[in-house]
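From just these sequences and the hints, can you work out the full model?
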Amino acid sequence: QVRPMAARVLETCLKDPILETHLSTHFAMLRGSAKREDRLALLNELVRLGLGDLKEKKRRQGGTGRYVEFHRCPLSPAISATLLDLQVSEAFWPSSIPQSAGQDARPERSPLPPMHGAGKRGRHGEEPADNAEENDARRGRPSAEEVAALYTMRYTLPCERALSKAYLWCNSCDACQDRKGWKAICTYNQPENEIERKSTPITAHGDFSATRAWNPLTATAEHALKQYVQNHTRFTTQDLVRVVEQHQPDRPSDAWLRTWGKNHRVHKGSAASRASSFKWVAADWRQLERELGSVQGVDDAVNELKVADLLLEPEHTAVVFCNPMLLQDTLRSLTNKTYIKLCGDGTFRLTEDDWVLMTVGVLSKHYAASEGVYAFRTVFHPLVFGLANKESQTTYQVLFEALCACADRFADVDLRSACHQYHADMHPGEDLAQKSVFRCASRVTDWAHVIGACNRPKTTKALMPADERIKTFRTGAFATVKSHLTQSGLKLLPLVERAFFCLRCVPTALLFHSITALLLQTLVSQQPPEEKAAKALQRHYFVKHSRQQAQTAFGAFDWPGEPTTFYTAEWWCGLQRIQPGSASGTQAQESWHRWKLKKYLGLRSSLQSFASSLASFTKSRLMDLRAAGSCLPDMPAEPFPDKMVLCDSDALTRQGRSSAEQFFRVQAWDRFDDDDGTTFLCMRRTLATYDHASKTWVRTPDNAVQCPSSGFAQAFANLLRANSETSLTRALLNLGLAQPLSDLEKLLKLLDSYVVVAVGHFAAQFWRRESMAQELSPHTQGFCAFCGEFCLHATCEHMHAAFLVLGQLSLQRPVFPQRSQPVPLFEQQPVQVLLPSALGGLSDQSHPRPQPLAIPREDAALAAFLRCHQWTLWNPPLQQQQITVHQLSVLSFADLRLALPSLPSGVLLQMQSAATKWVQHQA
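Numbering follows the numbering used here, with no gaps: position 755 of the sequence shown is 755.
Worth flagging that the hints you see were computed from the coordinates, not collected in a lab. The model shown is predicted, which means the values in this text are computed figures rather than measured ones. Just so you know, not all the hints are guaranteed correct.
[Unchecked claim] Estimated spans, in silico, between C-beta atoms of each pair:
#1 GLU315 <-> THR689: 23 to 33 Å
#2 THR884 <-> GLY906: 32 to 42 Å
#3 GLN881 <-> GLN920: 15 to 25 Å
#4 PRO494 <-> ALA283: 52 to 62 Å
#5 ASP412 <-> ARG604: 36 to 46 Å
#6 LYS262 <-> SER483: 42 to 52 Å
#7 GLY629 <-> ASP353: 38 to 48 Å
#8 THR689 <-> GLY629: 48 to 58 Å
#9 PRO876 <-> GLN765: 32 to 42 Å
#10 LYS262 <-> ASP353: 18 to 28 Å
A virtual CB, placed ideally from N, CA and C, is assigned to each residue, including glycine.
Written out as structure tokens, the structure is:
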């Protein structure tokens with residue numbers, strides 16, 4: 001219930017009279033010259049209630065206009081009744097009882113339960129020593145009996161447990177020195193969850209603007225200084241001088257303020273204990289848990305932010321937040337719940353101090369544009385949030401455990417076994433926690449961190465071995481190699497760069513190991529040997545497997561190089577390791593942090609407001625999730641085919657790519673059909689030509705396109721199926737390499753020039769779907785090996801060209817993207833209209849009821865013609881258009897194309913030719 005504005009003014013503005021300045025200071029809604037009418041209306045409301053009178057006064061010299069003051073009337077039964085209606089305590093009424101001239105007026109006050117606010121008291125000279133007791137009563141100080149009673153009350157109040165009783169006193173005014181002024185006792189009643197408060201009257205306070213004996217600052221000036229120090233990390237003594245001079249006429253010396261500033265500077269924590277800088281303690285987090293509630297007390301999923309878990313230790317503090325309904329809807333919207341891809345990371349600067357917000361969510365695919373190019377891109381959907389004092393294995397493990405518990409409780413999903421990919425940015429604590437909780441998941445490291453695009457500032461702090469490896473990893477492979485190469489070996493850096501970009505999208509583990517072993521061997525074989533660079537790459541950027549692990553996980557029996565060491569990498573995005581289209585790493589989450597999370601919550605918010613902002617953000621994400629659709633696919637779905645890669649465009653040419661239409665138009669492929677029904681198509685990576693003069697890509701004319709050599713498709717098919725060094729070498733020899741496992745430069749050039757598209761049973765197994773028998777999407781029937789675009793988006797121009805070759809697509813009628821899903825016409829709300837018979841306008845007798853249309857019978861001659869040529873698949877569209885065999889033979893191709901848009905052009909041309917011969921034979 002919203003309290004009346006008049007009541008809020010009486011409780012906040014304790015001075016008498018109440019000025020317009022007081023209203024502007026305490027209420028932001030009443031600030032500014034434009035709000036003067038609102039301020040006058042509020043003061044008039046107080047007059048209407050009979051609480052006082054308005055007086056106009058002339059402004060001081062130099063001012064313009066007049067200002068208004070509200071003067072309270074003395075406390076009376078009528079005013080007491082009005083205050084009771086407004087639910088305002090009489091303790092907030094500071095007006096005086098009229099007395100004789102020359103005497104102070106002091107009203108009697110009732111005890112004040114809330115312990116904030118104070119009336120203004122003036123100092124009126126020295127009091128006679130023989131009248132000290134009367135003067136104490138006149139100044140508002142409690143008598144000796146009242147103080148004794150208060151101390152007695154302190155020890156007689158019931159206490160359920162230790163530290164449940166608090167003794168409060170004031171030290172901000174001149175009358176409260178040595179605890180002789182205002183005091184209060186607060187007792188917490190644990191069974192009833194209530195706080196009992198007893199205090200002396202508010203009149204026990206003295207003058208807050210007076211200088212105290214123990215401190216040369218007034219209470220107002222000291223409060224202003226503390227606020228300034230809290231808001232400004234860096235300040236000088238003159239900054240403090242300027243603040244003090246605004247609140248009191250006589251200020252302390254510069255030396256005293258310099259010492260005060262040193263003692264009150266915000267503590268940033270010591271070097272030995274970084275956690276000492278955080279202001280919130282365990283009691284604050286427990287109170288936040290009581291306000292939000294815990295997921296343990298929720299039976300069904302609710303659209304509210306709850307606390308999923310708490311870890312309150314000085315060195316490791318973590319608070320996990322979860323919106324149960326957001327988590328439930330997100331996990332239930334996944335189309336593939338047996339192969340879930342999680343992504344986790346931490347971000348800073350959302351709250352004050354050094355708190356870090358850790359987020360974990362799932363990845364899915366959606367069709368969106370980036371720099372004018374549409375593609376199936378990866379999108380991040382949050383599941384849980386964790387606020388921690390630092391990223392460590394302990395805090396991340398609390399986050400992961402809470403996520404698994406909430407997923408099992410609200411969505412019936414076992415993330416420990418269903419998570420098969422975890423995308424991260426190589427944080428050591430996150431790495432150890434992921435290996436402990438998600439043991440079935442393959443770690444996918446962000447490619448931007450591998451090449452050094454996310455390098456962090458240098459630090460002089462000594463690092464542990466694991467942290468040293470992560471620091472080197474973030475530096476980037478190319479910077480690491482450059483720092484370890486000799487002066488004469490710097491020429492090898494471009495070769496290392498080409499090797500890494502080629503290794504990223506190599507499809508099989510055996511080929512990845514062979515290229516890696518050849519790269520390391522090439523570095524060692526130089527003069528002088530580059531052993532340091534080879535060891536740095538081997539230590540920081542590759543993962544070693546034993547012989548048994550290589551045989552079990554990748555099906556490799558023997559390989560080049562050391563027989564007991566098999567190389568892979570966490571940044572390798574091959575088909576044999578992860579699902580196609582999963583090479584995005586953490587880029588989707590990084591983009592979500594910047595454009596969604598931080599734009600909504602803002603930066604450097606206080607911990608008190610952060611929880612409410614995060615609760616609103618989770619509700620906003622749930623609304624966006626429901627508005628986007630009912631499913632979250634892990635592979636490309638609609639639209640299919642993709643217009644961006646299907647047709648010619650300048651955008652593709654600028655990226656060094658060619659359209660599927662050009663591949664199909666010039667027949668730039670080599671085909672091989674396997675025994676199990678899988679079709680392999682070998683194509684060049686691009687048909688465009690790079691112009692070194694202008695440093696741009698140029699579209700190659702159709703008559704100048706170079707096609708792959710005959711037999712390349714079969715050789716690449718054998719390369720993909722190779723599981724030993726012998727079969728691998730034989731496949732590379734068939735591709736024209738005289739020294740397949742010796743010349744690294746020629747091997748990289750070959751693998752960078754060609755791609756292989758496979759469509760069939762052999763390709764479908766790499767999509768890791770729950771049931772391939774019921775899979776209808778054409779994307780899951782094929783893959784494109786050695787293609788970086790396919791690794792990122794799970795589709796490319798080469799796959800579309802293969803679908804055109806196999807007749808699964810048509811250039812005449814492609815399905816282009818639909819930007820909206822309108823409601824069907826007959827599912828919309830009915831229109832309320834008057835029937836014609838209601839107005840007598842139409843009559844059933846004047847107009848006979850029309851007869852229903854007769855359904856045309858099937859043309860037997862056309863059906864026989866199609867059955868003879870095995871074209872029964874196209875019988876329904878021809879019968880629907882009532883096309884005869886004679887019309888097929890005499891109509892032009894343009895007319896047939898217009899009448900039968902659903903038939904492929906090639907099939908229509910064959911039908912026209914066969915119909916002509918059929919009619920001549922029948923004649």
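Results of checking the hints against the structure:
| no. | hint | result |
| --- | --- | --- |
| 1 | GLU315 <-> THR689: 23 to 33 Å | violated (60 Å) |
| 2 | THR884 <-> GLY906: 32 to 42 Å | violated (22 Å) |
| 3 | GLN881 <-> GLN920: 15 to 25 Å | holds (23 Å) |
| 4 | PRO494 <-> ALA283: 52 to 62 Å | holds (60 Å) |
| 5 | ASP412 <-> ARG604: 36 to 46 Å | holds (39 Å) |
| 6 | LYS262 <-> SER483: 42 to 52 Å | holds (43 Å) |
| 7 | GLY629 <-> ASP353: 38 to 48 Å | holds (39 Å) |
| 8 | THR689 <-> GLY629: 48 to 58 Å | violated (41 Å) |
| 9 | PRO876 <-> GLN765: 32 to 42 Å | holds (34 Å) |
| 10 | LYS262 <-> ASP353: 18 to 28 Å | holds (21 Å) |
The structure shown violates the earlier hints numbered 1, 2, 8.
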